[in-house]
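Q: Input sequences plus hints: build the corresponding full structure.
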Amino acid sequence: MHTGGPTMPAILCYDLGILSDNFAVGYFRKQGFTSRISLPRDRWLGYIKDYDGGTLMECRISNKVNYLKLSALLEKQRKAAEACIEESTTRVLMPGLDVWKKDPSRVLLPFEVPGLVAAGYRQPITPTDGLAGATRGGENACPASEGAAAAAAAAAASKMQQEEKQRRSLKNQIAALLALLDRHPSSWPFRRPVSVSEAPDYYEVVKYPVDISSMRRKNKSGGYRTKQELGSDMVRMFENCRLYNNSNTIYYKYADELQQFIWPKYEALPDP
1 MHTGGPTMPA ILCYDLGILS DNFAVGYFRK QGFTSRISLP RDRWLGYIKD YDGGTLMECR
61 ISNKVNYLKL SALLEKQRKA AEACIEESTT RVLMPGLDVW KKDPSRVLLP FEVPGLVAAG
121 YRQPITPTDG LAGATRGGEN ACPASEGAAA AAAAAAASKM QQEEKQRRSL KNQIAALLAL
181 LDRHPSSWPF RRPVSVSEAP DYYEVVKYPV DISSMRRKNK SGGYRTKQEL GSDMVRMFEN
241 CRLYNNSNTI YYKYADELQQ FIWPKYEALP DP
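Note that full-length UniProt numbering has the sequence shown beginning at 1, numbered continuously upward.
Hints are all accurate, no fakes.
Mimicking DSBU-like on lysine-lysine, the simulated pairs with C-alpha atoms at most 30 Å apart in a straight line are:
#1 Lys253 <-> Lys207
#2 Lys265 <-> Lys218
#3 Lys253 <-> Lys30
#4 Lys30 <-> Lys218
#5 Lys207 <-> Lys265
#6 Lys265 <-> Lys227
#7 Lys218 <-> Lys207
#8 Lys30 <-> Lys64
#9 Lys79 <-> Lys69
#10 Lys171 <-> Lys220
#11 Lys79 <-> Lys207
#12 Lys218 <-> Lys79
#13 Lys253 <-> Lys227
#14 Lys76 <-> Lys207
#15 Lys79 <-> Lys64
#16 Lys76 <-> Lys64
Think of the hints as simulated: they come from the structure by calculation, not from any bench. Please read all numbers here as calculations on a predicted model, not as lab measurements.
A: Next comes the structure, spelled out in structure tokens:
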């Protein structure tokens, strides 16, 4: 029991320890149990039967939390955190534009707008900028220079087309690889993001979560420019599983099986 002083009500915290069958770990996680044991070893050793094929789990409950309304409580905490972040964010207000009062015909360049550059604006560069600069001499431009500039522009365009073709090919092959990964019988724990209701502390342990659906979305939007980027995400997904789960759980076993299955196929992908 933890007390905050003579004028504060007592906050009672109870630790529940169980030994779950490995096939029931997911069920107990939904009830708020975790495999990260914080209870001192001498408090439970000898009181809870331990055997192979089981996972020691713990759940801490408080008399100050209404667990029937836990979702509403978490939503309230989220809104409070967002309000604090919004309040602490510095807001910079710029004066309104009044240049048209003096000259209605004037056209402002983007960098002349107060605060726009500070907010991150950068002058866009178009593929024709170099060619325009080379031929800006107008009638006095040298025909040979114009021919060289045109040839350079054509070569650049051809190179861009070739690179785009290679990217599309890699994108299609990655899509096929992820579809194969998704269909594997051991992939079901990896197909979607881990639910907080099933593993309340998952995102406290795993800081960079990855799953098959997020990789498919990333590939669809062109996020993988090399196969190494895909490989990094797949390795992170498997390592996240091993980090959170004990080595004797089915999830750890599935991570090993899935990585052994998919890695030779990943290695066979072309390197553009």
